[in-house]
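Participant: Going down the list, the protein sequences come from chains A and B.
At the far end of the first sequence sits residue 556, using the numbering used here, and the numbering has no gaps.
At the far end of the second sequence sits residue 375, using the numbering used here, and the numbering has no gaps.
Note that these hints are calculated values from the structure, not bench results.
All residues carry an ideal CB built from backbone N, CA and C; glycine is no exception.
Careful, some of the hints might be misleading.
[Claimed, not checked] Below, a list of computed lysine-lysine pairs in the DSS-like style, where the Cα atoms sit at most 27 Å apart:
#: 1; chain 1: A; residue 1: K268; chain 2: A; residue 2: K489
#: 2; chain 1: B; residue 1: K106; chain 2: B; residue 2: K181
#: 3; chain 1: A; residue 1: K472; chain 2: B; residue 2: K188
#: 4; chain 1: B; residue 1: K336; chain 2: A; residue 2: K224
#: 5; chain 1: A; residue 1: K378; chain 2: B; residue 2: K223
#: 6; chain 1: A; residue 1: K251; chain 2: B; residue 2: K188
#: 7; chain 1: A; residue 1: K347; chain 2: B; residue 2: K326
[Claimed, not checked] A short list of chain A residues far from chain B (calculated; beta carbon distances all over 10 Å):
#: 8; residue: D92
#: 9; residue: E217
#: 10; residue: I241
#: 11; residue: D295
#: 12; residue: G406
#: 13; residue: E460
#: 14; residue: I478
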Amino acid sequence: MAGLAASFGSGAMTNSINEIGKAACIFAIGTNTTANHPIIGRQIDRALRNGTKLIVADPRQIPLCRKAHIWLRLQPGTDVALLKGMMRVILDEKLFDTSFVKERCEDFEAFETSIMEYDLATAAEISGVTAKEIAEAARMYASTSPATILYTMGITQHSHGTDNVRSVANLALVTGNIGKPSTGVNPLRGQNNVQGACDMGALPNVYPGYQKVDDKEVREKFEKAWGCDLNPSPGVTLTEIFEAAHAGKVKALYLMGENPMVTDPDSKFIEKAISRLELFVVQDLFLTDTARLADVVLPAASFAEKDGTFTNTERRVQRVRQAIEPVENARPDWMIICDVARNMDAKGFDFDSPDQIMEEIRSLTPSYGGIKYERLKKSGLQWPCPFPIHPGTPYLYSDRFNTPSGRAQLAPVEYRPSAETASNEYPFILTTRRSIFHYHSVLSRKVPGLNALRGEEHVEINPADAASLEIKDGEVVIVASKRGSVKAKIKITGVVTPGVVSMTFHYGETRTNILTSTALDPIAKIPEFKVCAVKIERKESAYISKDYLRWGTGGK
Amino acid sequence: MTKHVPLTINGVEVRAPEGTTILTAAQDAGIYIPTLCHCPDVSSQGVCRLCLVKIEKRRRLEPSCRTLVEEGMVVVTDDAEIEQLRQVILELILSDHDFNCLLCPKSGNCRLQELVTHIDYNERRFNRFEHVAKELPIDTSNPFFNFNPNKCIHCTICVRTCNEISGTHAIDMAHRGYDLKVSTFANKPLKESVCVSCGECVERCPVGALTPKKVEHPTREVKTTCTHCGVGCGLYLGIRGGAIIRARGDRENPVNQGNLCVRGRYGHEFVDCHERLSFPLVRAYDEYAQASSIVDEVTEKGKPVTAPLVKREGKFVEITWDQAIKYVASTLSHYKGDQFSAISSAKCTNEENYLFQKFVRVVMGTNNIDHCARL
Ligand code: SF4
Ligand code: SF4
Ligand code: SF4
Ligand code: FES
Numbered sequence: 001m002a003g004l005a006a007s008f009g010s011g012a013m014t015n016s017i018n019e020i021g022k023a024a025c026i027f028a029i030g031t032n033t034t035a036n037h038p039i040i041g042r043q044i045d046r047a048l049r050n051g052t053k054l055i056v057a058d059p060r061q062i063p064l065c066r067k068a069h070i071w072l073r074l075q076p077g078t079d080v081a082l083l084k085g086m087m088r089v090i091l092d093e094k095l096f097d098t099s100f101v102k103e104r105c106e107d108f109e110a111f112e113t114s115i116m117e118y119d120l121a122t123a124a125e126i127s128g129v130t131a132k133e134i135a136e137a138a139r140m141y142a143s144t145s146p147a148t149i150l151y152t153m154g155i156t157q158h159s160h161g162t163d164n165v166r167s168v169a170n171l172a173l174v175t176g177n178i179g180k181p182s183t184g185v186n187p188l189r190g191q192n193n194v195q196g197a198c199d200m201g202a203l204p205n206v207y208p209g210y211q212k213v214d215d216k217e218v219r220e221k222f223e224k225a226w227g228c229d230l231n232p233s234p235g236v237t238l239t240e241i242f243e244a245a246h247a248g249k250v251k252a253l254y255l256m257g258e259n260p261m262v263t264d265p266d267s268k269f270i271e272k273a274i275s276r277l278e279l280f281v282v283q284d285l286f287l288t289d290t291a292r293l294a295d296v297v298l299p300a301a302s303f304a305e306k307d308g309t310f311t312n313t314e315r316r317v318q319r320v321r322q323a324i325e326p327v328e329n330a331r332p333d334w335m336i337i338c339d340v341a342r343n344m345d346a347k348g349f350d351f352d353s354p355d356q357i358m359e360e361i362r363s364l365t366p367s368y369g370g371i372k373y374e375r376l377k378k379s380g381l382q383w384p385c386p387f388p389i390h391p392g393t394p395y396l397y398s399d400r401f402n403t404p405s406g407r408a409q410l411a412p413v414e415y416r417p418s419a420e421t422a423s424n425e426y427p428f429i430l431t432t433r434r435s436i437f438h439y440h441s442v443l444s445r446k447v448p449g450l451n452a453l454r455g456e457e458h459v460e461i462n463p464a465d466a467a468s469l470e471i472k473d474g475e476v477v478i479v480a481s482k483r484g485s486v487k488a489k490i491k492i493t494g495v496v497t498p499g500v501v502s503m504t505f506h507y508g509e510t511r512t513n514i515l516t517s518t519a520l521d522p523i524a525k526i527p528e529f530k531v532c533a534v535k536i537e538r539k540e541s542a543y544i545s546k547d548y549l550r551w552g553t554g555g556k
Numbered sequence: 001m002t003k004h005v006p007l008t009i010n011g012v013e014v015r016a017p018e019g020t021t022i023l024t025a026a027q028d029a030g031i032y033i034p035t036l037c038h039c040p041d042v043s044s045q046g047v048c049r050l051c052l053v054k055i056e057k058r059r060r061l062e063p064s065c066r067t068l069v070e071e072g073m074v075v076v077t078d079d080a081e082i083e084q085l086r087q088v089i090l091e092l093i094l095s096d097h098d099f100n101c102l103l104c105p106k107s108g109n110c111r112l113q114e115l116v117t118h119i120d121y122n123e124r125r126f127n128r129f130e131h132v133a134k135e136l137p138i139d140t141s142n143p144f145f146n147f148n149p150n151k152c153i154h155c156t157i158c159v160r161t162c163n164e165i166s167g168t169h170a171i172d173m174a175h176r177g178y179d180l181k182v183s184t185f186a187n188k189p190l191k192e193s194v195c196v197s198c199g200e201c202v203e204r205c206p207v208g209a210l211t212p213k214k215v216e217h218p219t220r221e222v223k224t225t226c227t228h229c230g231v232g233c234g235l236y237l238g239i240r241g242g243a244i245i246r247a248r249g250d251r252e253n254p255v256n257q258g259n260l261c262v263r264g265r266y267g268h269e270f271v272d273c274h275e276r277l278s279f280p281l282v283r284a285y286d287e288y289a290q291a292s293s294i295v296d297e298v299t300e301k302g303k304p305v306t307a308p309l310v311k312r313e314g315k316f317v318e319i320t321w322d323q324a325i326k327y328v329a330s331t332l333s334h335y336k337g338d339q340f341s342a343i344s345s346a347k348c349t350n351e352e353n354y355l356f357q358k359f360v361r362v363v364m365g366t367n368n369i370d371h372c373a374r375l
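Sequences are here, hints too, so could you generate the full structure?
Facilitator: Right, here's the structure in full:
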């Protein structure tokens, strides 16, 4: 979310879910909303029934495409080029919001220059979308107000994800589609409490509430509250943690409720890194593929067995309530942490209930200042909610942005090709997706019914590619990248374009992330899941037909 | 402000906002009109004709669920003629209904049963009908719910729900007359259709045609938040005997307003999956070593002896919580500073994420903490 923070000052969904239904134009880029966020998908349906215009940008023919007024079928990884093309049209045709740009944005000139050096034809050529479609989409988005933008992994999971996000933010800013109801830039967060984990400072560079660890004043505030000296240098990020473990710099790792062996890119490397640790503690509901490598495994309680709060994608802090007693001997994670800390003679871990923990959070996190359990009884509160009678904030930036100047930052953005492109040896672009029936890799896989609906991995491939490879629907093939190979069943479908194949990553049996690339976005450090080069081999023979080599390499 | 129009229902003067149906106006005034195909969450279609009412100066009876209020309307919802008509309609529905109520999961909660008690039927007339059990096959292909066409009363609520609420368009009415049937495209089993198993139709079917596979009724409900994705739908978990048996959407919640997707509605079984961990586990470096002795050894001597290869061949042994906490605490104390890292979880609560980062920063003295937000 670094891109959004740079443009506006903070990196969360700017508007609320129930505002989507009232937007006049929805631009969904890189989000298979119907499958990943079905309830938001229904908001889009509601909007469409009221005559809302829908623009979809996605390389795959996702279900939303059927409902869209314009579908921009771009080549994977070319979002910046497409968005710059749209903004070129908006500037050329003077469709931008002059007063908004003048009053609330900074650096318009630099931005304008960067857009002008690029013409529509170039954007069309790179993205594979026709100039006419780009122009139509630009006009529709810029002239139908209020317009809202939705995006997810399709935008962030690239080595240039931050650039993608900044381009999206630029688009909303020049058209004045922010700071008002039913507008905004709305990253739909994946897991249930990703937003909360960020808000709570489970990040290497910030304390709760995005307060920087290298800011002296902030640090002193936390040193005083926690009664100890704090380390002033920011820590390492998720992917760097495994690199450091591999290099022997990190010797002990404590992992709570994650399964990086299945969900992280290049999982062979992760396994090797973990094997070099001296101490590896895992806290989870199940003996996951990752937990199997641990020295100690602590059984944790599920969401139904504990109290607490989750913060959803629209910044709404909501209650989680204990419904049943912990299964077997499991204990809530918060109790385990307190016990371990107290056993290490630490002070400040004597909590009897999550309610008390929230009181401490509240006192140290300005945006959560007014979040008290007794206020969350009926429904949640959207942060910023700075004091106990504040009603919460459905949409951000109504009068100022969170930047030092209060104005938003328009940024020049360059298009850079993905770190890995198709080659003769690896002629296909693999993009990962999710299925409606699973989210990540653990919880939903333990629900027999959900497995019955979609119990194994499928590689989606275009009929033309399947024909030239001479593979049949349902055939098991080997998908290989520079990093490794996995086996999976083929599903022939027009959902993907020639040259592109698509897989999910829910299955421990087929660890798609063995294939994916660890090329990182330099700022947000998000691995490039959405684009990596692979080849497909039939099981019996490593058979490569000359004919299909041209697909995906850009040749016609 | 919407205009309110005056009208008379059963001799009572009422005022209703413009654009409401007679049915809603009557219900708001506390007047009962029997309905079968009406569902407040979706549009009205007027297929069952049970809600017919008399309107002065109109020749035909009109379905109240589809007729809008007009100024000065005089409506009668109940008299001998309407009553008889309703009885005949009900008798026709019953004539091809598989009413085996004792074995029906919907019994006690069924609109058809409710209507029979309200409207009654004429037994003599009813017995003159030819009772033809359809004996159509039951579709049990979906892992979460069944569709029994023999109990279907063709109210089309499920079809409207699938179109208007789920937005999936998986089912429609097929064939005509006696063969009329709710069907997927090409009459495939539900599992093979485009149905996304959201269960919204099951939630709204008024009879025992669409029923969840888990039939017990919860004894209590707990209001909470879904754990499966970032939308954060509000839901009620239905509990019976210490186990979660059902989930339903929380209509008070502004995010989902009662809606749920397949994961929210049916994805809670992982909670008591038999694979849940039951005890803290620790790796035994020596196959014959006793669990407790490992722990004691470590706590006394400090750093565990480790070589990656040995570690991977070790087996897990179960230990108590006390031992586990001591073991973790005493070993961790040797790794303070930047040689330690932690990975927190987007599945855990805010409070837990807060505590974990506090632990890492305060006790371990490092900022090496991250989670999967980037993914
Ligand atoms: S479960 Fe959902 S998708 Fe399937 S038929 Fe019912 S409403 Fe439609
Ligand atoms: S299945 Fe249920 S909701 Fe659907 S038409 Fe039949 S009775 Fe009505
Ligand atoms: S019910 Fe579905 S859409 Fe709602 S939070 Fe759960 S998984 Fe997400
Ligand atoms: S309820 Fe009005 S026609 Fe069925």
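Participant: Can we confirm that no CB of chain B comes within 10 Å of the CB of D295 (chain A)?
Facilitator: violated, 5 Å
Participant: According to the definition I'm using, a residue is off the interface if its beta carbon is farther than 10 Å from all beta carbons of the partner; does D92 (chain A) meet that for chain B?
Facilitator: The assertion about D92 (chain A) holds, with a minimum of 36 Å to chain B.
Participant: Any Cβ of chain B at or closer than 10 Å to I241 (chain A), or is the non-interface label fine?
Facilitator: Incorrect as stated: the minimum Cβ-Cβ distance to chain B is 5 Å, not above 10 Å.
Participant: Just to be careful, I want the Cα atoms of K106 (chain B) and K181 (chain B) compared with a cutoff of 27 Å; is the pair within it?
Facilitator: holds, 20 Å
Participant: Hey, K472 (chain A) versus K188 (chain B), does the alpha-carbon distance stay inside 27 Å?
Facilitator: holds, 23 Å
Participant: Would the non-interface assignment of E217 (chain A) survive a Cβ cutoff of 10 Å against chain B?
Facilitator: Holds, because the least Cβ-Cβ distance between E217 (chain A) and chain B comes to about 17 Å, which exceeds 10 Å.
Participant: Would E460 (chain A) pass as off the interface with chain B, using Cβ distances and a cut of 10 Å?
Facilitator: Label holds. Min Cβ-Cβ 16 Å, cutoff 10 Å.
Participant: With a cut-off of 27 Å on the C-alpha distance, tell me whether K378 (chain A) and K223 (chain B) pass.
Facilitator: Judged against 27 Å, a Cα distance of about 9 Å means the pair holds.
Participant: Does G406 (chain A) clear chain B by more than 10 Å, comparing its Cβ with all Cβ atoms of that chain?
Facilitator: holds, 26 Å
Participant: Regarding the pair K347 (chain A) and K326 (chain B), is the alpha-carbon distance no greater than 27 Å?
Facilitator: Satisfied, since the Cα-Cα distance of roughly 17 Å is no more than 27 Å.
Participant: Does the claim that I478 (chain A) lies outside the interface with chain B hold up, using a Cβ gap greater than 10 Å?
Facilitator: At about 25 Å from chain B, I478 (chain A) clears the 10 Å cut-off, so the statement holds.
Participant: Within 27 Å, alpha carbon to alpha carbon, are K268 (chain A) and K489 (chain A)?
Facilitator: Holds. K268 (chain A) to K489 (chain A) sits at ~21 Å (cutoff 27 Å).
This entry does not satisfy hints 6, 10, 11, going by the numbered hints stated previously.
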